[in-house]
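In order, the protein sequences belong to chains P and H.
Positions in the first sequence are counted from 1; adding 143 to them yields my numbering.
Positions in the second sequence are counted from 1; adding 6 to them yields my numbering.
If you're looking for bench data, these hints aren't it; they were derived computationally from the structure.
Any given hint could be a false lead.
Chain P stretches covered by chain H per the calculated footprint, using a threshold of three residues with CB under 8 Å from any CB of chain H [to be verified]: (1) 183-189; (2) 214-226; (3) 238-252.
No farther apart than 25 Å at their CA atoms in a straight line, the calculated lysine-lysine pairs in the DSS-like style are these [unchecked claim]: (4) H:28 to H:44; (5) P:240 to H:47; (6) H:47 to P:213.
A virtual CB, placed ideally from N, CA and C, is assigned to each residue, including glycine.
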Amino acid sequence: SQQGEEDPQALSIQEGENATMNCSYKTSINNLQWYRQNSGRGLVHLILIRSNEREKHSGRLRVTLDTSKKSSSLLITASRAADTASYFCASSTGGFKTIFGAGTRLFVKA
Amino acid sequence: DTEVTQTPKHLVMGMTNKKSLKCEQHMGHRAMYWYKQKAKKPPELMFVYSYEKLSINESVPSRFSPECPNSSLLNLHLHALQPEDSALYLCASSTPRLAGVDTDTQYFGPGTRLTVL
């Protein structure tokens, strides 16, 4: 079973707009990661935020983590058509087990 | 080399066939993973190998048999599969746990699209 829930399930925006995706998880974590998956392909790691961090940036990506609410958000600024993909959060509790959220399908219209 | 390769890209097999999926990485990672992903669903963990030893088996049916012949290779042997086993099978690798290193980042291959008839 997957412990992560994501919302929205699908998001459609215009190029240049910002996209925000949210993720919730159920148990204490060591870190939380975000991955992107283009249709029918492998996942690409985007960013990892540790449990003792609250915010992290990487290029046009901004991730926040609120361990008290067991939630995280991914913000993509100035979106591009190439950002069209599915985005998954993935929580790690230690060991090798990573549990993926249900995912948000993002569609960026040119 | 930061690539995980998987072969074949596509596989169609009957329920009585025996086939194998192959995964390879040359990043020196000592943890390797198999995931199963159905359409519009997240990846589900099947197996994890750490230092060529099976570390996690997520109660996967015995018709799926993993093998890790060496630190760079991971196989998934398939036998007597069911149509509901049709899915995208993803391989991933990561570094072993070390203090101060982000070891949970996984590097994924492109997947094998499996269809069971």
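Verification of the hints:
Only residues whose beta carbon comes within less than 8 Å of a beta carbon in chain H count, and the stretch 183-189 of chain P has 6; three or more means the coverage holds. Taking a C-beta to C-beta cut-off of 8 Å, the stretch 214-226 of chain P contributes 0 residues in contact with chain H, too few for the three needed, and the coverage statement is violated. For the stretch 238-252 of chain P, the stated coverage by chain H holds: 10 residues have a C-beta nearer than 8 Å to a C-beta of that chain, and at least 3 were required. For a cut-off of 25 Å, the pair hint linking residue 28 (chain H) to residue 44 (chain H) stands: about 19 Å separates their Cα positions.
At most 25 Å may separate the alpha-carbon atoms for a hinted pair to count; residue 240 (chain P) and residue 47 (chain H) meet this at roughly 18 Å. A distance of roughly 21 Å separates the Cα atoms of residue 47 (chain H) and residue 213 (chain P); the hinted pair therefore holds under the 25 Å criterion.
Hint check: a violation occurs at hint 2 only; the rest are consistent with the structure.
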